[in-house]
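Chemist: What follows is the residue order along each chain.
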Amino acid sequence: MDVDQATQIDLFALAPELAVLGASLLVLLIELFLHGPRKRFVNPIAVLGVLVAFGFVVALWLDGAQRSSFGQMFVVDDYALAFKGFFLAVALFVLLISYRYFSEIRTFQGEYYFLMLAAFLGMMLMPSARDLVMLFIALELVSVPGFIMAGLRKFDLRSNEGAMKFFLFGVLSAAVLLFGLSIVYGFTGTTTLEGVAASLSAGEANPLLLAATLFVIAGFGFKVSAVPFHFWAPDTYEGAPIPVTAFLAVASKAAGFAGLLQVTFVAFEPLADVWAPVLGVVAILTMTLGNLTALTQTNMVRLLAYSSVAHAGYVLVPFAVVQPGDAALNADAFSAVLVYLFAYGAMNIGAFAVVIAVARRHPGRRVSDYAGLGQRSPGLAVALTTFLVSLGGIPPLVGFVAKLAVFFVAVEAGTTLGIVLAAAVAINTVISLVYYLRVARVVWMEEAPEPEPEPVQPGLALGFTVGGLAVVTVALFVLAPLLWGAADQAVLIASG
Amino acid sequence: MQAVFPLTFAALLFSAGVYGVLSRRNAVLVLMSVELMLAAVTVNLVAFHGLVTTDVGDPLLSGQAFALFVMAVGAAEVGVGLAIVLLLYRNRATVNVDDADLMKY
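Protein chains in written order, with the numbering used here: chain R, 400 to 895; chain Y, 1380 to 1484.
Pulled out of the complex, with its shape left as it was, chain R reads as follows:
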């Protein structure tokens, strides 16, 4: 690649990102001219921007050709488009669940939607980035707005504290990641992912290089809140505004996994002998610790936070069975990760949407607040039960398909580690059912406290989100082959 190639820009390939960028700037500008309660109208503008971007993603998908911009640094292929579609769908639901929450607390709405769209811009760059520099920029574009959004409730001490912890862990892990990247660059002489892979498979493994790969993986481990980099997650989730928590638990985590997929399956694939067992141990620790800690939680948001830590552990399982050069197995592992992430996105945002609806009446967010929800708001109660049971991995819901995908790929690997991982997934699924079903029991079996609280009114946007995602959670189980097929299409592994 020479300089001429690197400066060539394909605007059509960049169109979804440009739409999101335009919408984010427009939101910031228009908010200046709106006053009082009318500031909430910036939300529909943001939604419109996301829909336009989604239209461009569909157009690019129909176009079918693999496009690239800035040399090979920014590539639009099936993998990138699948993730962009997923991120935009998540963005749409996050904006819908933000609408009433932020129009009621009436603070910094323009800034909030601007930051949210900026973070989603970073996420959309992530799966297209095929260069270490680009990958780093995308990661930071997701992280930095996240720090601010976590602290958006400026006068809430918990929000301050959550933002502080998130920020300190974030910059520390970014520095570690960068140090790893600089060493990788020094050894391979290139920053493109393919170039790194080619150089790594040609030369022999150097201990310093192996340490650098682990540094890089640790940097992404923070983003996906894998043990031992998970300490920030429960506190930040509890302190942040709940729509931001939903964003951090789903979108930001999926972006971390997108980056991790590219780094491990493409760039560091020749060194899989070293990092795969490490990620296997991390996966087991993450799911076990997340589930065991979730058992003792009495705060609904913290319970979902530890549940999301545990789910990161399940997603890490396919990473641990990767073997250098075994293209068939690696492709299966790759598509299992995609299936799990897409399923996890649908059910987890749904759960947070119900939490937002209930938290309007009960700001304490305690599990005991959900007592009698079955009588007070049957619709929300059914939806919440659907999401929780799906997170637990019971058929006929999409969570079961996801667990099955991960379990099968661990068994398919056939190694000792694979069998241990499959057993760990099975055991952890049982542990997790204890706390998911405990919440379901509170919802349906326990009487509401006296005097009877009013029914929870989710409102139009929130009601649509909860209902829509409940339908998706069931429908994706029925349409599981479709999900599998889409994931298989989007596989991206080292060529050669």
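These are calculated hints, taken from the structure and not from any lab test. Accuracy of the hints is not assured; some may be wrong.
Cut-off 20 angstroms, straight-line C-alpha distance, at most; resulting in silico cross-link-like pairs (EDC-like, lysine to aspartate or glutamate) [stated by the list, open to error]:
hint, chain 1, residue 1, chain 2, residue 2
1, R, 553, R, 603
2, R, 553, R, 510
3, Y, 1483, R, 555
4, R, 553, Y, 1480
5, R, 553, Y, 1478
Just so you have them, the derived chain Y footprint on chain R, three or more residues with Cβ under 8 angstroms [as the list claims (entries may be wrong)]:
hint, stretch
6, 578-589
7, 632-642
Restraint ranges, calculated between C-beta atoms of paired labels, are given here [as the list claims (entries may be wrong)]:
hint, chain 1, residue 1, chain 2, residue 2, range
8, R, 793, Y, 1436, 52 to 60 angstroms
9, R, 730, Y, 1405, 45 to 53 angstroms
10, R, 880, Y, 1405, 53 to 61 angstroms
11, Y, 1403, R, 606, 26 to 34 angstroms
12, R, 874, Y, 1405, 50 to 58 angstroms
13, Y, 1405, R, 726, 50 to 58 angstroms
14, Y, 1390, R, 403, 48 to 56 angstroms
15, R, 606, Y, 1407, 17 to 25 angstroms
16, Y, 1383, R, 604, 18 to 26 angstroms
17, Y, 1468, R, 463, 52 to 60 angstroms
18, R, 406, Y, 1383, 30 to 38 angstroms
19, R, 506, Y, 1451, 24 to 32 angstroms
20, Y, 1436, R, 506, 47 to 55 angstroms
21, Y, 1407, R, 880, 52 to 60 angstroms
We put the CB at the ideal spot given by N, CA and C, even for glycine.
With chain R's structure known, arrange chain Y on it following the hints.
Modeler: Relative to the frame of chain R, chain Y by itself:
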């Protein structure tokens, strides 16, 4: 040029930063230590760029360009970080990270 000197320097700088992050309790000093780590990365990238150019060639100057991005992003991060520290100080009149313990387990 001998690359071993800048690389050793970068490794020492990075270690000093890690030590600072782990041992300092003042949020501003923790931020400063993170900056040391980022500076180590910049030194590393520039030194490696010299090595790589003589070795295999690097027509896009990716090492030096990367160093510029690291500096820009580092500055943005510190801006956000200082804002968060300031917020904490306004609400609690302390910047000691150990005092931020409302939420545990």
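Chemist: Now tell me, hint by hint, if it's right for this structure.
Modeler: Consistency of the hints with the structure:
The hinted pair formed by residue 553(R) and residue 603(R) fails the criterion: a straight-line CA distance of about 52 angstroms is larger than 20 angstroms. For the hint pairing residue 553(R) with residue 510(R), the CA-to-CA distance comes to about 13 angstroms; that is within 20 angstroms, so the pair holds. For the given pair, residue 1483(Y) sits about 16 angstroms from residue 555(R) by alpha-carbon distance, which is consistent with the 20 angstroms threshold. For the hint linking residue 553(R) to residue 1480(Y), the alpha-carbon distance of about 17 angstroms falls within 20 angstroms, and the restraint holds.
A hinted pair counts as satisfied when its Cα atoms are at most 20 angstroms apart, and residue 553(R) with residue 1478(Y) qualifies at roughly 18 angstroms. Counting residues of the stretch 578-589 of chain R whose C-beta sits closer than 8 angstroms to any C-beta of chain Y gives 8, which meets the bar of three, so the coverage hint holds. Given a C-beta distance limit of less than 8 angstroms, the hint that chain Y covers the stretch 632-642 of chain R holds, as 4 residues qualify and 3 suffice. At roughly 57 angstroms, the beta-carbon separation of residue 793(R) and residue 1436(Y) lies within the given 52 to 60 angstroms, and the hint holds.
Residue 730(R) and residue 1405(Y) have their C-beta atoms about 50 angstroms apart, which keeps the hinted 45 to 53 angstroms range intact. Remark: the range hint 53 to 61 angstroms for residue 880(R) to residue 1405(Y) is upheld by a beta-carbon distance near 57 angstroms. For residue 1403(Y) and residue 606(R), the Cβ-Cβ distance of about 30 angstroms falls inside the hinted range of 26 to 34 angstroms, so the restraint holds. The supplied range of 50 to 58 angstroms is met by residue 874(R) and residue 1405(Y), whose beta-carbon atoms lie about 53 angstroms from each other.
In this structure the hint that residue 1405(Y) and residue 726(R) lie 50 to 58 angstroms apart at CB holds, the actual value being about 51 angstroms. Under the hint 48 to 56 angstroms, the C-beta atoms of residue 1390(Y) and residue 403(R), about 37 angstroms apart, miss the expected range. Residue 606(R) and residue 1407(Y) have their C-beta atoms about 36 angstroms apart, which leaves the hinted 17 to 25 angstroms range violated. Distance hint for residue 1383(Y) and residue 604(R): a CB-CB separation of about 21 angstroms, consistent with the stated range 18 to 26 angstroms.
Our hint of 52 to 60 angstroms for residue 1468(Y) and residue 463(R) holds, since their Cβ atoms are close to 55 angstroms apart. Separation of residue 406(R) from residue 1383(Y) is about 35 angstroms and conforms to the stated range, judged on CB atoms against 30 to 38 angstroms. At about 29 angstroms, the CB distance of residue 506(R) to residue 1451(Y) agrees with the hint of 24 to 32 angstroms. For residue 1436(Y) and residue 506(R), the hinted distance range of 47 to 55 angstroms is satisfied, since their beta carbons lie about 53 angstroms from each other.
Here the CB-CB span from residue 1407(Y) to residue 880(R) is close to 55 angstroms, well matched to the stated 52 to 60 angstroms.
Hint violations for this structure: numbers 1, 14 and 15, all remaining hints satisfied.
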